[in-house]
Amino acid sequence: MKQSIYEILENVEIAKNTMKMVLAGDTSDCTAPGQFVNIKLDGFFLRRPISVCDYNEETITIIYKVVGGGTEAMAEMTPGQELDVLIGLGNGYDITKVGDAPVLIGGGVGVPPMYGLAKSIRQANPEAKVQVILGFNAADEVFYAEEFKTLGCEVHIATADGSVGVKGFVTDVLKNLEYSYFCTCGPLPMFKAIEAIAKTSGQYSFEERMGCGFGACMGCSCKTKYGNKRICKDGPVLEREEIIW
Amino acid sequence: MVNTKINLCGIEIDNPIIPASGTYGFGYEFAEIYDINCLGTFSFKGTTLEPRFGNPTPRIAECPDGMINAVGLQNPGVDKVISQELPKLAEVFHKPVMANVSGFSIDEYVETVRRLENDPAANKQIGWFEINISCPNVHGGGMAFGTSAKAAEEVTRAVREVTKKPMFIKLSPNVTDITEIARACEAGGADGISLINTLLGMRIDLKTKKPVIANKMGGFSGHAILPVALRMVYQVYDAVSLPIIGMGGISTAEEVVEMMLAGATAVEVGAANLIDPFASKQIIDDLPRVCEKYGIKDLNEIIGGAH
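So the protein lines, in turn, are chains A and B. Numbered by my numbering, the letters in the first sequence go through residues 1 to 245 in order. Numbered by my numbering, the letters in the second sequence go through residues 1001 to 1307 in order.
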């Protein structure tokens, strides 16, 4: 974990109520895809935990949905403004377990961490066949389909209203795929649907209301088969085998 | 040079800054990012006789200038605290620590303190006990002891029997007259009073139209509660002749001075640690400069100065 000041390079709407923000600064504590940052905002007491979409040596990219006062304030920010951010939070995905044909399943704002994950898997194993399922409500919410294709992923889209891709849910795609492993991030109902039909081991990234984001307050604890875990510090990524549904 | 050293019930501490129980775990999350030996001491995560998972989530809600938590005393239980947490803490913290203890019956408080006393290593590590009779987030215990003067005195008297270490009783602000409870603790043999724990509060989600917190209510803390804490410390200072650890919303060195003027011998920093992990260290770094600015040469001289 590191606390540092980051400069906003970019903050643009990429889909309905969905913003992409690029932050410049010290990224040295980002160590795995699926980690998150925790952002201090003027006028709000608690920081905003947001998953990292992508990072390199100089920048961190986050994609966030405008859902309340905090993210509304973030959406108003402009390049050049600075943010106090805690980075390198959470465990992230373990890519050593994914095999040569993993499927990555993102639902809504669960899609962004799948991008960094796909990139890491492709970098570690350029031969890997990375299949991606992106789930949204409707066409105007879809983002990053082309970016995943550019990484060399096989991209499937599911929309609830059928306006793009398969009409239905990510599981309507998943049930027809062959895969070595799965990684997912998204809403709990989606997780439960995946859990019901998944054919392999996998990793789920959980969301919870957090106090600190770095393991001090016990605000986001959950029970697992391996004992109590803090979503922020021991997660947010948990393995399928340990989860108590 | 400003003297920030404070004598807290016979143990000298380098400065009066103490991270509050429940906001600092057992120290190691913070030890990863700075040397926590800069602290006066810290009050470790509230420990109970049995392991506790605590309440269902969501346990956290945001408030204007503060937050609500309903963690519900999640902790591994006193035996694991002794066998796992304290040895790990000993690697990163070399000063006496404050042991925060909670319970659901007088016997549980007594037994938890007894086990910490009887373990030679834990006994050596612990400088003070802080007996929490004010947790608002557990049912059938916790705050029930802190909202009745009679029960507060009984707990104090019972725990007094099993420890000779300095013992602070941590009080709830959710009472009509906090001085009555403080006096009862003094009568029961307390060495000091800690206050305030969180204020019982609530938030409601406009989308679901239900309470944000799964437990419905929780403890309100953060910067917003500072004036309430100052007022109660001021009142308790007049009511008892015991040292006070003042807490509630402290986020800056200026507010440490304010709390000491109200009557605190030392202060705890709580929610601020969660928002800014460096908060306690920053306050310690800022304190000498703030003292100089206000002409304070020795912090001991300002305790209760506002009276």
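Hints are computed from structural coordinates only; laboratory data are not their basis. Among the clues, some could well be false.
[As the list claims (entries may be wrong)] Just some of the chain B residues that point at chain A, by a computed CB distance under 10 Å: (1) 1001; (2) 1045; (3) 1053; (4) 1061; (5) 1063; (6) 1176; (7) 1189.
[What the hints assert, rightly or not] With the Cβ distance kept under 8 Å, some of the chain A side facing chain B (calculated, not the full set): (8) 1; (9) 4; (10) 212; (11) 220.
These numbers were taken from a predicted model, which means no experiment stands behind them. Here a beta-carbon is modelled for each residue, glycine too, at the ideal position from N, C-alpha and C.
* Hints not upheld, ascending by number -> 1, 6, 7 and 9
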